[in-house]
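Q: Single-letter residue listing:
2 protein chains.
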Amino acid sequence: MIWRHIRELVIGSPLPSEDLSEARLDKVRALAALSPDALASVAYANQEIFLGLVVAGAAGMAYSWRIACVIAGLLAVLTLSYSQTIRAYPSGGGSYIVARENLGTLMGLIAAAALLIDYVLNAAVSLTAGVEALASAFPVLWPYRTILSLVLLVIITLVNLRGLREAGTIMIVPVYLFLATYLGMIIYGAVVIAIQGPVPLETNAPQAVDAVTAFLVLRTFASGATALTGVEAISNAVPVFNPPEPRHARQTMVIMAALMGVLFLGTIGLTQLLAIMPGSEETILSALARRLFGPGPIYLLIQIATLLVLIVAANTSFTGFPRVAAVIAHDEFLPRQLKLLGDRLVFTNGILLLSFLAGFLIVIFGGDTHNLIPLFAVGAFLAFTLSQMGMVIHWIRQRNSHWRLKAFLNGIGALSTGLALLVIAVSKFVHGAWIVILLIPLIVTGFYSIRAHYDEIGRELTLVGTKPVFESGRKLRIVVPVTGIHRGVAAALQYARLITDDVKAVYIETEPDTSGDFKKNWQQYGLDKVAVLDIVPSPYRSFIGPLLDYLDRLDNEADDGQLASIVIPEFIPAKWWHNLLHNQTAWRLKLALMYRRHRMGKTRAIIDIPFHLKR
Amino acid sequence: MIWRHIRELVIGSPLPSEDLSEARLDKVRALAALSPDALASVAYANQEIFLGLVVAGAAGMAYSWRIACVIAGLLAVLTLSYSQTIRAYPSGGGSYIVARENLGTLMGLIAAAALLIDYVLNAAVSLTAGVEALASAFPVLWPYRTILSLVLLVIITLVNLRGLREAGTIMIVPVYLFLATYLGMIIYGAVVIAIQGPVPLETNAPQAVDAVTAFLVLRTFASGATALTGVEAISNAVPVFNPPEPRHARQTMVIMAALMGVLFLGTIGLTQLLAIMPGSEETILSALARRLFGPGPIYLLIQIATLLVLIVAANTSFTGFPRVAAVIAHDEFLPRQLKLLGDRLVFTNGILLLSFLAGFLIVIFGGDTHNLIPLFAVGAFLAFTLSQMGMVIHWIRQRNSHWRLKAFLNGIGALSTGLALLVIAVSKFVHGAWIVILLIPLIVTGFYSIRAHYDEIGRELTLVGTKPVFESGRKLRIVVPVTGIHRGVAAALQYARLITDDVKAVYIETEPDTSGDFKKNWQQYGLDKVAVLDIVPSPYRSFIGPLLDYLDRLDNEADDGQLASIVIPEFIPAKWWHNLLHNQTAWRLKLALMYRRHRMGKTRAIIDIPFHLKR
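Those protein sequence lines, which keep their order, are chains H and B.
Per my numbering: the first sequence = residues 1 to 615.
Per my numbering: the second sequence = residues 1 to 615.
If you are wondering where the hints come from, they were derived from the structure by calculation, not from laboratory data.
One or more of the hints may lead you astray.
One copy or two, either will do: identical chains are not told apart, so a pair holds if it fits within one copy or between any two.
Here are the simulated SDA-like pairs of lysine to any residue, each with C-alpha atoms no more than 20 Å apart in a straight line [claimed, not checked]:
no.	residue 1	residue 2
1	Lys339	Glu281
2	Lys520	Thr466
3	Lys602	Val327
4	Lys590	Ile572
5	Lys614	Arg597
6	Lys590	Arg604
7	Lys602	Ala574
8	Lys519	Gln196
9	Lys475	Thr500
10	Lys614	Ser449
11	Lys520	Ile435
12	Lys520	Val532
13	Lys467	Asp528
14	Lys467	Ile298
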């Protein structure tokens, strides 16, 4: 009862199925709901470019602007590519659907695996990056990043289990606060530079410990490419826009991409021109904001805006992951539980699974964004590539107007993201990309074996092609295992006698020399007239083994070729924790009976007679 | 199957009950089996006296010899007291038995709680101290003390689950190795001092940060008193000696006490006269051995002997705790499971419980002996005091020859241990003794409520004074909840029809608009001739709630005043992990039905028809 109350308080009361209809969003709200993942990537991508280049000192850091421009170019290509996806899949073109439909099931499942991994990493990385933004402002929090990330994770999980019905509206605040503060900072920074002139990188850069090699630059590009994660979100969610959906979606996507480009290039430009150099317990964007505004309220506001937008970004995984998992579970490649709608019309199990996996990653990688990043980009770019490749095939198959041009554009997308994927996989391999490269085939194999299991079960259970025949009149035989003589046993015997008059009781003598007294008691209460009592010695003090052997013997002796049913007297304590005070023999016996396989698929009915204790 | 093989490999195959007879031990073996706990205490008690005094610099450390002498005096008193216990309780006089018999149940249970806590702490402290002896020799291990202690704990647990039949024999090696090396070290040290003269404490002692106050000296005494834990072991185990048991036991106890005294005073004397001062990652006994023998093989041998004797000391908890717990469980003050003899004739559950609790303490206190010590002495001295008080009453009641002298001697014992207990409780209160002082009343309350629960159950279940009557001929009604149409359902319907012809099937419509198809299928396979199908809508998608409501409605409508039985079709996957792929609706339903209470104590039979999948 208490649990139910706490549950209702935290999660809310159940919602009826008929409430399941999605509210449409206007462009302002849609941008807030769908873009945080993409926009917030700026926070960690910037940091990664800095960390990648700083080992090569000033000479290395001079590359950050060039790398940023390449990534911005990729952003433009992706935007073009995905606006074609929006046109082709107005009902939502997730990578799984596009790849599966055009490239076949295997490619679809690879994209699905990449996507799921990506959602988990987005949740983990966004939270740790958000905590790092906060801990940059309050260094005393720096050692507690893991636990802070986990606390935020729990809060987001609970909020999502409640169901975020008014997602777009709530998210307007952090997203537009983030946009306002960052755009403001970029403009202010540009003015500062215009007046004071740029600071040479050599002023602050540390001694180089590495030379600027092509590999170093490519590896840094690979880390920075995480800026592009989340770009595809709008193309997956076309149906939430007001009609005409595809047009509104495309417009919103272009706006989002433009904002991403401005934020990314703007902040990278400022950090390079101002030669920003963060300490070891601070992010580069925090150092930039502190350099421009000092450690006052404006700086604090920027850090809080960063934290909030990253929390909202993590939250996008909580809408995406359970939905994709449910789609895959619907196709029977994932456990059925993932497609169950919970009390609050959300995919409870999917949310819990995501939360567990993200928490696991946060713990394993010590709450450190930089440790997680090498795992991140692989999944995202694999999904990008497969989805664009799928689009190419889509246009070739359709052959409608301008199909060559469209296929060419998506081909460019596929080619450039594929190339980036290769760079990422190779340059980040030893740092952690190998984990994802190893995981994807494992997950895909898992998908197929789950599907095979469900198919097999369907075959074994089906009645199709059979005509079930029901025999009648056969007499049942019943065995009642007894460990004592009490009301629970009397109730069990009573029930057994209502079914049949062939009732045997069996006493397993786990303590030597106790059967004599038992037999005497049995007769004293007249139970020998209800059921024949058999005594089975148990020299090794075990209860279940000798009982199962006894049942086998009995069934062999019987001439009906059937298994005796078993009636188990079980007393149920008044409080669940009273169970700690009892042996749980009944449960262990039921498990043993249930999992025991008999020749020729015969079944033993297990009849439980609960006897409720009052106190 | 695999599990059973691993289990047999690690734990061994089951032993028959008739093997349950204890081998008698001669004095040499008995000393090895019963004294490690007491002897090994030297290792940590020494360390605690040093840590207690070092804050007061050389002036403080000058007190160590005097404190050691007081503790040795207490040891003499205890030895005298307990040799009287041996005489009076030749069948074994544990604190619980002596206190309960002479001071009443409450005092007995207080002693029992103290004893159990003490066993847990002995296991935890001995292991961490053993690991510290090892890590003193190999400083690289110092940071891994927690995990090393846990590894040792797991090994000891497994060894004890196997059953240590030849305890005395195996333990001869570490115990006598420890005695030989330590006695040798003391003699060698005495010679060194005789030749070179003592080193003034001022040579090595650090600056005092605290003054020598009476409180500081008392607190150090309280820590050092842990040297006496384990003294009572022999008096608990009189029956394992060769006859005449009491005499052999007393002789062994005197030898043990003499050895303890020599070891304790000898090592303390050496450390004081040689002004030994360990580093922060070393024990004082390690520093002593290194000072005398250099870091060569003799030093290593001493450290290993210390580690081994401490492991053996921890092991004594694994014989003591489960036995005491079984005795208390036999009196129904602890859960019944604790008195079950496992496959290998050991109290499996008691061993696991001890292992869990000791592991918990090790983890919580970071594997640091010094953190654990303040909790330790309280329990031991409380048990001492109660047991000696019990002996006083025992003699007064008996009034046999010399009863006044005997009562007086035990009275001295009770008084001095009681005084020590007071000193320990007060001076160590804030450092951790409060935990034990709080725990003991909680545990005792727990004992009483467990007993009350068992008494209540006995009253509710008993057939005494009743004459069970068995009605016959009543017709049963059966409900079969169905979620699909398959062979498992067919098997369940078949079984239901063998019991009665009043069978209803019920379909809970958790997904809207699925019942139409379901009904059609039902008729197609001719199932409507076997059972009436009822459809129940479920607007909140829940399965169990609507089903329970349906059953209530049905029972209210029926005129027999009974509850319908329920037949649950359940398919059992071929591999246990396949369960992850299924909803477990059957399990959740069974739990809900089992824990549901009905008016007037009526019972609903729960019939499970397992359907085994082949692959």
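Q: If a hint holds in the structure, say so; if it does not, say that too.
A: Status of the hints after comparison with the structure:
1. Lys339 / Glu281: neither (42 Å within a copy, 56 Å between copies)
2. Lys520 / Thr466: For Lys520 and Thr466, only the inter-copy Cα distance (16 Å) is at most 20 Å; the intra-copy one is 52 Å.
3. Lys602 / Val327: neither (37 Å within a copy, 45 Å between copies)
4. Lys590 / Ile572: Close inside one copy (15 Å) and across copies (13 Å); limit 20 Å.
5. Lys614 / Arg597: Between copies only: 9 Å across chains, 37 Å inside a chain, cut-off 20 Å.
6. Lys590 / Arg604: both (11 Å within a copy, 17 Å between copies)
7. Lys602 / Ala574: between (36 Å within a copy, 15 Å between copies)
8. Lys519 / Gln196: Neither: 102 Å inside a chain and 81 Å across chains, both beyond 20 Å.
9. Lys475 / Thr500: This pair counts as both: shortest intra-copy Cα distance 7 Å, inter-copy 11 Å.
10. Lys614 / Ser449: Classified as between: cross-chain Cα gap 16 Å, same-chain 48 Å, threshold 20 Å.
11. Lys520 / Ile435: neither (67 Å within a copy, 50 Å between copies)
12. Lys520 / Val532: within (13 Å within a copy, 46 Å between copies)
13. Lys467 / Asp528: between (43 Å within a copy, 13 Å between copies)
14. Lys467 / Ile298: Answer is neither: 77 Å inside a copy and 84 Å across each miss the 20 Å cutoff.
In this structure, the hints that do not hold are numbers 1, 3, 8, 11 and 14, in rising order.
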